[in-house]
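Participant: Here's the letter readout for the chains.
Number of protein chains: 2
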Amino acid sequence: MRSRVELLLMETQARVCRALAQLDGAAAFSVDSWERQEGGGGISCVLQDGNIFEKAGVNVSVVFGHLSEEAAQQMRSRGKTLKTKDGSKQWWFGGGTDLTPTYLNQEDAVHFHKTLKEACDKYGPELYPKYKKWCDNYFYIKHRGERRGIGGIFFDDLDSPSKEEVFQFVQSCAEAIVPCYIPIVKKHCHDSFSPEEKLWQQLRRGRYVEFNLVYDRGTKFGLATPGSRIESILMSLPLTARWEYMHSPPENSKEAEILEVLRNPKDWVH
Amino acid sequence: MRSRVELLLMETQARVCRALAQLDGAAAFSVDSWERQEGGGGISCVLQDGNIFEKAGVNVSVVFGHLSEEAAQQMRSRGKTLKTKDGSKQWWFGGGTDLTPTYLNQEDAVHFHKTLKEACDKYGPELYPKYKKWCDNYFYIKHRGERRGIGGIFFDDLDSPSKEEVFQFVQSCAEAIVPCYIPIVKKHCHDSFSPEEKLWQQLRRGRYVEFNLVYDRGTKFGLATPGSRIESILMSLPLTARWEYMHSPPENSKEAEILEVLRNPKDWVH
Chain A
1 MRSRVELLLM
11 ETQARVCRAL
21 AQLDGAAAFS
31 VDSWERQEGG
41 GGISCVLQDG
51 NIFEKAGVNV
61 SVVFGHLSEE
71 AAQQMRSRGK
81 TLKTKDGSKQ
91 WWFGGGTDLT
101 PTYLNQEDAV
111 HFHKTLKEAC
121 DKYGPELYPK
131 YKKWCDNYFY
141 IKHRGERRGI
151 GGIFFDDLDS
161 PSKEEVFQFV
171 QSCAEAIVPC
181 YIPIVKKHCH
191 DSFSPEEKLW
201 QQLRRGRYVE
211 FNLVYDRGTK
221 FGLATPGSRI
231 ESILMSLPLT
241 ARWEYMHSPP
251 ENSKEAEILE
261 VLRNPKDWVH
Chain B
1 MRSRVELLLM
11 ETQARVCRAL
21 AQLDGAAAFS
31 VDSWERQEGG
41 GGISCVLQDG
51 NIFEKAGVNV
61 SVVFGHLSEE
71 AAQQMRSRGK
81 TLKTKDGSKQ
91 WWFGGGTDLT
101 PTYLNQEDAV
111 HFHKTLKEAC
121 DKYGPELYPK
131 YKKWCDNYFY
141 IKHRGERRGI
151 GGIFFDDLDS
161 PSKEEVFQFV
171 QSCAEAIVPC
181 YIPIVKKHCH
191 DSFSPEEKLW
201 QQLRRGRYVE
211 FNLVYDRGTK
221 FGLATPGSRI
231 ESILMSLPLT
241 ARWEYMHSPP
251 ENSKEAEILE
261 VLRNPKDWVH
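Chains as they are written, first to last, in our numbering: chain A, 1 to 270; chain B, 1 to 270.
One chain only, chain A, in its complex shape (with noise of 0.2 Å):
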């Protein structure tokens, strides 16, 4: 099952770095392999200065062997540890994909939601619900009462029904990213924007840095992960963010619409 999974990974680390590369039409991915002395390793595919793209990352890493305490101290606050007292492995799956738009545009919500919809409700139709809740719940922002953006399905310790089962969900979670995210891309890389519309963006990717740092747990047990490859992890921090003491919208704009969602989560699909 690990070679299966690890084939999964790369498979759509392709597959995504190719539409997102054929998209751009300008920069390509520079393509970084890289050994874990401690065991694993991984490849990060960064694109950089693009036509379309400021950065745009895709990362694998496969890590095995010995935990730090810190870092087993997250597993274990999640309720897992890697060997159990009979001395048999535990396995679970984990993942997830969202969406972090500046502005709200409802359709686009819509349509990246229906899309991971319908990926998770050819195994049940109870999980996208699930999934989609978990999601809204992770990429809060405690201190501003804010999630980071509209959200999507995330999932951390899946280990039932069965390996096989999970391993089947999460490979047609993983095939719609591309479907759910290229076509809003495509619909919007020739819009124009103004300079206010460009400071609003900024911001909100200060609180996307502040998620990332402050909560994150990827980024945290990347940080108390001895060995582990520090430009791979925090890659996914944007070319450049903003901070404004005060900074508050004014009522009715845009920029209120959007903050509104992040604070009481929509529904997008039924």
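Hints were generated in silico from the structure; no laboratory data involved. Just so you know, not all the hints are guaranteed correct.
All copies of an identical chain are treated as equivalent in the list; a pair is satisfied when it fits inside any one copy or across any two copies.
[Stated by the list, open to error] Here are the simulated DSSO-like cross-link-like pairs (lysine-lysine), alpha carbons at most 27 Å apart as the crow flies:
1. LYS142 <-> LYS220
2. LYS142 <-> LYS186
3. LYS55 <-> LYS198
4. LYS80 <-> LYS130
Since we're looking at a predicted model, the values are computed, not measured.
Assemble the complex: chain A is given as a structure, and chain B must be docked to it using the hints.
Facilitator: Just chain B, lined up with the frame of chain A:
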């Protein structure tokens, strides 16, 4: 003693604000007083979009009342509890001041540290070296193997020899802030800079954000304190910052020069 400390903090805040606003010439500080429902409050002074300063913040917070379990944990992990077993109150002083330049200027670094050393030396020759080292250890971005800046002094848990003596020492340090910093700004505020230098500044500010959101105990304590004012806690984040994948300055460049000092702190005064 509590009111003497509060008075010292507010005097220092006023003195620093006055010096910065006078130097800037254009923008004035906006002053926000706020109260905390759970006890205490503060004054946040922020100057934005000035002649010289993009963003300058000078904060005082006075927090009392019940601590959240998370905030109390932050205290206990440092060997402190607010109430001792015999019911008496515990007290200690913490503080510090440091400099985070984009490029190294030897003369400025020496001026900054020499001024701090003089403020410390009146209270014992062992203090400056001890708190200089504490500062280098504190402002350490572990995942980068770099310090945030060229240091200064830092002390967390001073409780000897006596309340009165520690207060005098802290006062002496507080009075050093303006003469440490203002002459450096005066000297350089009309220097020109290239787009490449601006870019390096933005990248260094990214590291500043990483330190403050991942490691800074003040930020962590603030985020864990119920009813704390988030805009005041995160006011120290830069107006703008930047992250580039795998950025590495060329050998023998000015960028490499400061990186060397951030990786291997120097003694600026003997």
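Participant: How would you classify LYS142 and LYS186 at a CA-CA limit of 27 Å: within, between, both, or neither?
Facilitator: This pair counts as neither: shortest intra-copy Cα distance 33 Å, inter-copy 40 Å.
Participant: Evaluate LYS55 and LYS198 at a C-alpha cut-off of 27 Å and name the case that applies: within, between, both or neither.
Facilitator: both (16 Å within a copy, 19 Å between copies)
Participant: Since the copies are identical, ignore which copy is meant and state whether LYS80 and LYS130 lie within 27 Å (CA to CA) inside a copy, between copies, both or neither.
Facilitator: Within one copy only: 21 Å inside, 42 Å across.
Participant: Up to 27 Å between alpha-carbons, please classify LYS142 paired with LYS220: within, between, both or neither.
Facilitator: both (16 Å within a copy, 13 Å between copies)
The structure fails to meet hint 2 from the earlier list, while all remaining hints are met.
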